[in-house]
Amino acid sequence: MSVTDPIKTVIVSDSTLVLEGLRAMLDPYPKQVEVLAAVLGEVPRIHADIILLDAFGHPDAGIRRIQQVKKTGAFAKVALLVWRITDDRCQTAIDAGADAILSKSSDAANIVASIEKTLAGDTVVHDFPDQLWTDRWTNDGTVHLTPREVQLLALLASGLSNREIASVMFIAESSAKTYLKRIYNKIDVSNRAQATLRAVEMGLVGPGVDHLG
6 MSVTDPIKTV
16 IVSDSTLVLE
26 GLRAMLDPYP
36 KQVEVLAAVL
46 GEVPRIHADI
56 ILLDAFGHPD
66 AGIRRIQQVK
76 KTGAFAKVAL
86 LVWRITDDRC
96 QTAIDAGADA
106 ILSKSSDAAN
116 IVASIEKTLA
126 GDTVVHDFPD
136 QLWTDRWTND
146 GTVHLTPREV
156 QLLALLASGL
166 SNREIASVMF
176 IAESSAKTYL
186 KRIYNKIDVS
196 NRAQATLRAV
206 EMGLVGPGVD
216 HLG
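So the sequence shown is numbered by the working numbering: it starts at 6 and just counts up by one.
Hints were generated in silico from the structure; no laboratory data involved. Since the model is a prediction, treat every value here as computed from it, not as a measurement. Just so it is clear, CB atoms sit at the ideal spot from N, CA and C, and this is done for glycine as well. Any given hint could turn out to be false.
Below, computed lysine to aspartate or glutamate pairings styled on EDC-like, alpha-carbon distance capped at 20 angstroms [unchecked claim]:
hint : residue 1 : residue 2
1    : 13        : 32
2    : 191       : 112
3    : 122       : 154
4    : 122       : 132
5    : 122       : 169
6    : 191       : 154
7    : 191       : 132
8    : 13        : 121
9    : 122       : 112
10   : 76        : 92
11   : 36        : 65
12   : 122       : 65
13   : 186       : 112
14   : 75        : 65
Computed spacing ranges between beta-carbons, pair by pair [to be verified]:
hint : residue 1 : residue 2 : range
15   : 208       : 93        : 44 to 54 angstroms
16   : 72        : 166       : 40 to 50 angstroms
17   : 114       : 164       : 33 to 43 angstroms
18   : 153       : 75        : 24 to 34 angstroms
19   : 10        : 155       : 27 to 37 angstroms
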């Protein structure tokens, strides 16, 4: 790979929606990153500069997947994508072969910059402030959301616009926007793509889940 070539990247997750969200985050950066594949479940048998592994809310499973990837020798670098991770598990992931631990609450520009640093040889570990999770999460890892907020987040993750959400929930569009700002703050995201990823991991969207009524 020359210095001008985009970084050949593979994304692996257990959720189609997560794959679509991550790919959408990287698509605006074609000069820096080329997504060769966004794969559901299994690690593909192709070669790339870096693989982004979605831990899907379970860092231990992500660590096992890192070990599987390293055995293939198909990827120059391995990055684990998580919402949160303890210092011990972070070190375990690095010991298992991870070259980067990236926060899914980061914006796209930061993710891309971190991929570039990783390819340059740095071990990149995003900050995961303890106080942030103490304030917003219960002991069992559940986000403090009201039933109304859960419904709105699920509707957003299902692809509805603010106007459509407002119509379904019988509220003003301005109220929907206010709800969204509050939800974004609670789940530590900054845009719709990140919120969709988080909703998937919370089990708010998927087959058999209905938030329209």
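Violated hints, by number in ascending order, as checked against the structure: 3, 5, 10, 11, 12, 15, 17, 18, 19
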